[in-house]
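Asks: Sequence:
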Amino acid sequence: MTVFFVTRGRCSSISGLPEVKEPSVVALDGVRALVFDVFGTVVDWRSGVAREADPFLKRHGAGTVIPTAFADAWRRRYSPAMEEVRSGRRPFTRLDVLHRENLEAVLPEFGINPASVPASELDELNLAWHRLDPWPDVVVGLTRLKARYIIAPLSNGNIILMLDMAKRSGIPWDAILGAEIVQAYKPMPQAYLRTADVLAMKPNEICLVAAHNGDLAAARACGLRTAFVPRPTEHGAEQTTDLHADRDWDLVVSDFIALAERLQL
1493 MTVFFVTRGR CSSISGLPEV KEPSVVALDG VRALVFDVFG TVVDWRSGVA
1543 READPFLKRH GAGTVIPTAF ADAWRRRYSP AMEEVRSGRR PFTRLDVLHR
1593 ENLEAVLPEF GINPASVPAS ELDELNLAWH RLDPWPDVVV GLTRLKARYI
1643 IAPLSNGNII LMLDMAKRSG IPWDAILGAE IVQAYKPMPQ AYLRTADVLA
1693 MKPNEICLVA AHNGDLAAAR ACGLRTAFVP RPTEHGAEQT TDLHADRDWD
1743 LVVSDFIALA ERLQL
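Residue 1564 in our numbering is what sits at position 72 of the sequence shown, and the numbering runs on without skipping anything.
Just to be clear, a hint being listed does not mean it is correct.
[As the list claims (entries may be wrong)] Quick list of in silico lysine to any residue cross-link-like pairs, SDA-like style, CA-CA up to 25 Å:
#1 1550 / 1594
#2 1659 / 1546
#3 1638 / 1522
#4 1638 / 1723
#5 1638 / 1519
#6 1638 / 1685
#7 1550 / 1622
#8 1694 / 1757
#9 1694 / 1723
#10 1550 / 1616
#11 1659 / 1747
#12 1638 / 1692
#13 1550 / 1611
#14 1550 / 1740
#15 1694 / 1642
#16 1659 / 1690
#17 1659 / 1619
#18 1638 / 1603
#19 1550 / 1612
#20 1638 / 1594
#21 1638 / 1744
#22 1638 / 1556
[To be verified] With beta-carbon atoms standing in for the labels, derived distance ranges:
#23 1746 / 1576: 13 to 23 Å
#24 1603 / 1738: 34 to 44 Å
#25 1639 / 1555: 19 to 29 Å
#26 1696 / 1600: 23 to 33 Å
#27 1639 / 1612: 35 to 45 Å
I should point out that these hints are in silico values taken from the structure, not numbers from a laboratory.
Backbone N, C-alpha and C define an ideal beta-carbon position, used for all residues, glycine too.
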């Protein structure tokens, strides 16, 4: 049995007796909601950003730049920007704003002076994050899962970003949850605990589905159930991280359709 407690905004666990592994079909007994990491788990951010960046780079004299390299460089500023908020050095700031600031910061790495680019054009490129494509299994899998569970994003993305992405691709969320709702970025405990509070549920009535072991570890420490879905090309063909589950998560499946099948949906 594992007992979870919260102290000064942190989640911890104390392991007592060994856990008994239940059959996978009932691994999520008692779960009422499935919440999903989005960037990388639900959508292919790298290809989408590269697609949008390609014509922009060509227009601004950087046509020799590999668009995926630009996407990677922009994404590398993602976590450090959020850390300014997580640390308390900066008030909560929605991800669209952080992405826009990061865009201006990364352009000089590719020989582009952001001051020479019209603000409207930078704004438009920043919306690349609103136009990302889901992985092929996502919409079908979520539609099946929605038949039994409340499904919602638990993303660091802000509300309009999630809404635009869902409307564009037909992602059938029941609600839009995430950082802007709870005013906290993952993996802060508040991101998970306040989500449970918003849903009027206990943490163990919620399962986080993610392609990132670190996200799942933070969720488990707060009492959520966990499901790992690998996305081995999130970072390209040479990806070396999160290729496999690194812990005994409640479920480990190949994609969202397999998750629905394991849950007999």
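Asks: Would you pick out the hints that fail for this structure and give their numbers low to high?
Replies: Violated hints (numbers, rising): 9, 14, 18, 20, 22, 23, 25, 26; every other hint is consistent with the structure.
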